[in-house]
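This is what each chain is made of:
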Amino acid sequence: MSTDTPTKSQEAAAVPPPGRASENKRIRQGHRRLLTRRDRITLAFMAGVPTVLHVLLVWVTALASILLAFTSWDGIGFDSIKWVGLDNFHQLFTDNPQFWPAVQHNVIWFVVLILIPTPFGLFLAVQLDKKIRFSRVYQTAFFLPVVISLACIGFVWQLIYNPDTGLINSLIGANKPGHYIDWIGDPNLNLWAVLVAASWRHTGYMMILYLAGLKSVDPSLREASALDGANEWQTFKNVIFPTLRPTNTIVLVVTIIEALRAFDLVFVFNKGAQGTELLSILVTNNIIGESSRIGYGSAIAVVLLFISLIVIIPYLIATFRKERSA
Amino acid sequence: MSTLSSALPKQRNPIRPARVLLHVFLAGTALAWLAPLLWAVFSAMRPYSETSNRGYVSWPHTLNFDNFKNAFEQSDMTHYFMNTLVIAVPAVLLTLFLSSMVAFYVARFDFRVNLFLLLVFTAGNLLPQQVIITPLYRMYLLTNLPGITASGKLYDSALGLVLIHVAFQSGFCAFVLSNYMRSLPHELTEAALVDGASVWRLYWQVTLPLCRPAMAALATLLSIWIYNDFFWALVLISTGENMPITSALNNLSGQYFTDPNLVAAGSLLTAIPTLLVYFALQKQFVSGLTLGSAKG
Chain A
1 MSTDTPTKSQ EAAAVPPPGR ASENKRIRQG HRRLLTRRDR ITLAFMAGVP TVLHVLLVWV
61 TALASILLAF TSWDGIGFDS IKWVGLDNFH QLFTDNPQFW PAVQHNVIWF VVLILIPTPF
121 GLFLAVQLDK KIRFSRVYQT AFFLPVVISL ACIGFVWQLI YNPDTGLINS LIGANKPGHY
181 IDWIGDPNLN LWAVLVAASW RHTGYMMILY LAGLKSVDPS LREASALDGA NEWQTFKNVI
241 FPTLRPTNTI VLVVTIIEAL RAFDLVFVFN KGAQGTELLS ILVTNNIIGE SSRIGYGSAI
301 AVVLLFISLI VIIPYLIATF RKERSA
Chain B
1 MSTLSSALPK QRNPIRPARV LLHVFLAGTA LAWLAPLLWA VFSAMRPYSE TSNRGYVSWP
61 HTLNFDNFKN AFEQSDMTHY FMNTLVIAVP AVLLTLFLSS MVAFYVARFD FRVNLFLLLV
121 FTAGNLLPQQ VIITPLYRMY LLTNLPGITA SGKLYDSALG LVLIHVAFQS GFCAFVLSNY
181 MRSLPHELTE AALVDGASVW RLYWQVTLPL CRPAMAALAT LLSIWIYNDF FWALVLISTG
241 ENMPITSALN NLSGQYFTDP NLVAAGSLLT AIPTLLVYFA LQKQFVSGLT LGSAKG
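Protein chains in written order, with my numbering: chain A, 1 to 326; chain B, 1 to 296.
Where hints are given, some of them may not hold.
[To be verified] Here chain A is said to cover these stretches of chain B; the calculated rule only asks that three of the stretch's residues, wherever they fall, bring their Cβ under 8 Å from a Cβ of chain A:
no., region
1, 30–38
2, 77–89
3, 163–169
4, 242–249
It is worth saying that the hints were derived from the structure and are not from the lab.
C-beta atoms are modelled at their ideal positions from N, C-alpha and C, and glycine is treated no differently.
Throw the hints in and build the complete structure from the sequences for me.
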């Protein structure tokens, strides 16, 4: 889950040495002149094979999602594909009792992750960055949940939330019939219960990203601030945090993507039953569930795609632009 | 805290209350963080008869590994671990191979398309998997491969899972590796080209050996991600027998892991390989996650 966002260049702001760009250009032109015919064919294969695989399985399918969203299709034979215009979307927005709750839950997922585990991960990173003893041991403990599969995490937390055998209900005496607190089934509780587990995992991830960011903060900045008589909080607020801007951007993007991708944990927990519907769950249920409606499922996927691209494209353009200028 | 004193190498700080407090806080939080996992270990080590009689929150009389043994044997876990191995090993190797080729092309040969190419790869990797799953599922069902896969289709086959893992993960790897390669001195490839080395030698014998640290980090990261994958196999594999271990967990928990203690033992068993890799290669894992930022 995946948690796999390219972190962008932190040193991109550094001033490039004068003349380097033109030098690069010269070298590259030099490259081109030295290439033989065979080299060109090799290069075409080297770039072509991975690109075809990636584009075919990721982008062609994403495009197909968009096209299928405007059709109805039973999946048997291509001639049964019928153009239905905006019907799927219309039905989704007005007629599906699960759609708006799912959107709402995805938003809640993001808001909770960005407000609780993210600042806490930053806090832990700042503490662990103080050249403290046992720092590695602490880091390992906080980071452990990120390494374990979300499916496994789902089962581990079930042992805590189970109504009759779980840790919480056993501790507070709510594990007797009639007194159950149903953390997994109750639609008013289950989203928050899953979010505790998700936050538990997200904290370690954010801690690692911020630790990497903090390592690139110039130590002399801190010293200067300390010499000026700033206390720890003032130093953090006025000196450290502003220099963490590149990391903050990454963290924001990672958290949004995580919120949109949320799936495994909920699926293991209760298959996205009432209270924990998510867009990703609705798409999946449309495939592996009893009623497979391809066009309709694609329409949900398009909503998900649309939200993702609003985040991904500006982020990548900014990243690559900076990289080029560096 | 006081950076001035910590800048002096050998000076011993007197024990300060703030430091002690910080250690108490961190140790307490770390313990709380491990608590859910420790609770699972504790439950898994107790016989079901004892916990059902005395409740789960009770002093243990018997602690042993019987549940682990039973979970492992009853569900034939070796079989599912093998399934994962058959998928993960080719997927990791192929991802590294293909993405390093793209990265090499993008980093060393400016043919104008390379920025766009990198953008396509990276953006593809950031998409939620569910965006593409409906057409992908149909495509896998419609692709007939008689004689190549056991199912005769891409659907329900290890090959299908390997392909989607490679396609999806190569986005991230191409991004990281191209950044890494760009930081290598240009003179090296330049000199080799002037000496008449072919492009392939330039890639295979000059550039790749220099990328070992980045490749090692990515290999660690990819192994854990692919091992932990739940979604692709859930949708693209229909036969329970063919599932890799992480996705099989969901089926096994109803079929074989009949009580919470067995569920705990079974799911902890699936976490063991990731934990071993993580503890052995912690540095690689963490540097892989933050590699993109380490551009020179």
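For each hint, the structure was consulted:
{"no.": "1", "hint": "30–38", "verdict": "holds (count 6)"}
{"no.": "2", "hint": "77–89", "verdict": "violated (count 0)"}
{"no.": "3", "hint": "163–169", "verdict": "holds (count 6)"}
{"no.": "4", "hint": "242–249", "verdict": "holds (count 3)"}
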